[in-house]
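Sequence lines, in order, name chains A and B.
Here the working numbering is used: the first residue of the first sequence is 72, the next is one more, and so on.
Here the working numbering is used: the first residue of the second sequence is 72, the next is one more, and so on.
Worth flagging that the hints you see were computed from the coordinates, not collected in a lab.
In this text the structure is predicted, and so the values were computed from the model without any measurement.
Among the hints, erroneous ones may be present.
If several chains are the same, the list does not tell them apart, and a pair holds so long as it fits within one copy or across any two.
[As the list claims (entries may be wrong)] Here are the simulated lysine-lysine pairs, DSS-like style, with alpha carbons at most 25 angstroms apart: (1) K249 - K299; (2) K291 - K273; (3) K229 - K162; (4) K231 - K216; (5) K135 - K300; (6) K103 - K135; (7) K193 - K216; (8) K103 - K143.
Number of protein chains: 2
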Amino acid sequence: MIQSYNDEDALVLVSGGQDSVTCLFWALKNFKKVHCITFDYSQKHSKEIEIAQNICKKLGLTQKIVDISFLKDLVISNLFEGQNDVNEKHKLNENIPSSFVPYRNLIFLTLASAWASTINVKNIVAGVCQTDYSGYADCRDVFVKSAQTTLNLATDFKDKNVVIHTPLMWLTKCEEFKMADELGCLDFIINETLTCYNGVEKLNDFGKGCGVCPSCELRKKGFYEYKKKYQNSGNNE
Amino acid sequence: MIQSYNDEDALVLVSGGQDSVTCLFWALKNFKKVHCITFDYSQKHSKEIEIAQNICKKLGLTQKIVDISFLKDLVISNLFEGQNDVNEKHKLNENIPSSFVPYRNLIFLTLASAWASTINVKNIVAGVCQTDYSGYADCRDVFVKSAQTTLNLATDFKDKNVVIHTPLMWLTKCEEFKMADELGCLDFIINETLTCYNGVEKLNDFGKGCGVCPSCELRKKGFYEYKKKYQNSGNNE
Numbered sequence: 072m073i074q075s076y077n078d079e080d081a082l083v084l085v086s087g088g089q090d091s092v093t094c095l096f097w098a099l100k101n102f103k104k105v106h107c108i109t110f111d112y113s114q115k116h117s118k119e120i121e122i123a124q125n126i127c128k129k130l131g132l133t134q135k136i137v138d139i140s141f142l143k144d145l146v147i148s149n150l151f152e153g154q155n156d157v158n159e160k161h162k163l164n165e166n167i168p169s170s171f172v173p174y175r176n177l178i179f180l181t182l183a184s185a186w187a188s189t190i191n192v193k194n195i196v197a198g199v200c201q202t203d204y205s206g207y208a209d210c211r212d213v214f215v216k217s218a219q220t221t222l223n224l225a226t227d228f229k230d231k232n233v234v235i236h237t238p239l240m241w242l243t244k245c246e247e248f249k250m251a252d253e254l255g256c257l258d259f260i261i262n263e264t265l266t267c268y269n270g271v272e273k274l275n276d277f278g279k280g281c282g283v284c285p286s287c288e289l290r291k292k293g294f295y296e297y298k299k300k301y302q303n304s305g306n307n308e
Numbered sequence: 072m073i074q075s076y077n078d079e080d081a082l083v084l085v086s087g088g089q090d091s092v093t094c095l096f097w098a099l100k101n102f103k104k105v106h107c108i109t110f111d112y113s114q115k116h117s118k119e120i121e122i123a124q125n126i127c128k129k130l131g132l133t134q135k136i137v138d139i140s141f142l143k144d145l146v147i148s149n150l151f152e153g154q155n156d157v158n159e160k161h162k163l164n165e166n167i168p169s170s171f172v173p174y175r176n177l178i179f180l181t182l183a184s185a186w187a188s189t190i191n192v193k194n195i196v197a198g199v200c201q202t203d204y205s206g207y208a209d210c211r212d213v214f215v216k217s218a219q220t221t222l223n224l225a226t227d228f229k230d231k232n233v234v235i236h237t238p239l240m241w242l243t244k245c246e247e248f249k250m251a252d253e254l255g256c257l258d259f260i261i262n263e264t265l266t267c268y269n270g271v272e273k274l275n276d277f278g279k280g281c282g283v284c285p286s287c288e289l290r291k292k293g294f295y296e297y298k299k300k301y302q303n304s305g306n307n308e
């Protein structure tokens with residue numbers, strides 16, 4: 072799994088959720104120095120921002136917070152505060168969940184690359200994953216690779232070209248819990264991260280969350296699979 | 072030159088400069104209905120915003136203004152207000168002008184696509200041009216085509232895929248003045264648009280501007296070439 076990036080820095084997109092924080096620990100293991108960037112876009116689960124701040128503080132990492140709450144005036148999504156149930160279908164396309172924020176990950180990656188150019192970092196780490204991509208086109212590998220190409224064509228910085236690392240791309244949630252265990256951060260992931268669409272901070276055995284939104288469902292299912300497969304204790308199911 | 076888009080709408084990126092406003096007239100000729108989007112990013116020539124507003128008002132067009140002034144806290148460029156001379160070399164790369172704003176056009180195209188998805192428009196028109204691209208990598212055709220691919224991979228909207236039109240891509244400034252003449256908007260371009268990096272509104276025969284910044288130099292040179300070649304009157308040189 073591990074390539075040698077140890078003499079380079081990385082910028083990690085940290086939302087405060089399970090995926091990004093698992094990536095953060097992966098980056099801490101694989102890069103010389105780790106910087107963080109967090110986006111505030113008026114998401115329903117805006118407690119993620121506070122949580123992301125606490126996590127960066129606990130780990131002693133620098134964090135750039137970028138307010139892009141103007142996004143809610145540009146695109147349609149039920150993920151924004153004050154919008155309807157995220158379990159509905161998307162207004163733009165009934166085949167995708169209403170929680171989809173069009174172009175969100177491209178905006179994130181572009182602004183992260185912008186900040187990376189300023190702090191002289193070329194490695195970007197993002198917790199996107201194609202395995203359980205839930206209809207989010209911008210979590211797919213083909214999108215990320217195309218984005219990297221476009222980002223580098225936008226600047227022509229040559230030896231400073233950005234490289235986007237996506238260590239979770241082909242993992243299931245179950246495998247992601249195993250990865251956290253291997254990285255020595257499983258307890259941290261369970262106790263500190265928040266992925267819940269409803270921003271509920273109730274602590275369950277699989278972590279914080281309401282336990283019923285699509286995001287909690289995915290996390291819960293993955294956790295119990297992990298427990299059963301790797302800890303041989305199916306008694307929580 | 073003209074394909075048949077006449078039953079479709081378009082969203083034009085309008086900065087208030089010569090290029091975008093020439094594109095605006097091109098779009099008015101080629102699309103059923105034209106919408107405008109303008110970005111405020113604390114550019115030195117921020118009078119462009121007012122000018123863009125006046126132009127949209129004069130032409131009776133709807134205009135979305137998006138404040139992305141947070142950009143100045145993310146990337147290095149002398150194009151931002153309060154920064155040094157735009158004639159210097161860029162701090163990130165001495166081969167590009169200091170006026171280069173890394174990732175600017177990708178941010179513009181992404182946010183324009185975001186708004187386009189909301190107003191149900193798939194055609195985006197941008198006044199980028201490779202001919203006199205001044206070292207701006209994100210004005211090149213290869214960048215725009217890659218951006219279109221990435222934008223569509225980000226959403227997977229299928230029949231609503233965005234198409235980025237760049238009618239100026241291979242034109243010289245001289246040819247752009249000729250195009251404006253053919254579109255019947257040459258006087259409008261001269262009298263109403265502002266391209267000057269220093270935001271000087273002094274009216275010259277080639278249009279508004281300080282007359283000495285790289286952008287004015289390019290415009291002036293193109294105008295006199297146009298006059299000489301197509302109006303057979305070299306007396307302004």
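How do K135 and K300 come out at 25 angstroms by Cα distance, when the copy is not named: within, between, both, or neither? Answer is neither; intra-copy 38 angstroms and inter-copy 53 angstroms both fail.
When no copy is specified for K193 and K216, does a C-alpha distance of 25 angstroms or less occur within a copy, between copies, both, or neither? Close inside one copy (15 angstroms) and across copies (23 angstroms); limit 25 angstroms.
How would you label the pair K103, K135 (within, between, both, or neither) given a Cα cut-off of 25 angstroms? Cα proximity of K103 and K135: one copy only (18 angstroms, versus 43 angstroms across).
Under a CA distance limit of 25 angstroms, which applies to K291 and K273: within one copy, between copies, both, or neither? within (13 angstroms within a copy, 65 angstroms between copies)
What label fits K231 with K216 when the C-alpha limit is 25 angstroms: within, between, both, or neither? Both: 17 angstroms inside a copy, 22 angstroms across copies.
Can you give me the call for K103 and K143, within, between, both or neither, at a CA distance of at most 25 angstroms? neither (36 angstroms within a copy, 27 angstroms between copies)
Have a look at K229 and K162 and pick one of within, between, both or neither, based on CA distance no larger than 25 angstroms. Answer is between; shortest inter-copy Cα gap is 15 angstroms, intra-copy 40 angstroms.
Copy assignment of K249 with K299, given that the CA separation must stay at most 25 angstroms: Only inside one copy: K249 and K299 sit 11 angstroms apart there, 72 angstroms across copies, limit 25 angstroms.
Checked against the numbered hints above, the structure breaks hints 5, 8 and satisfies the rest.
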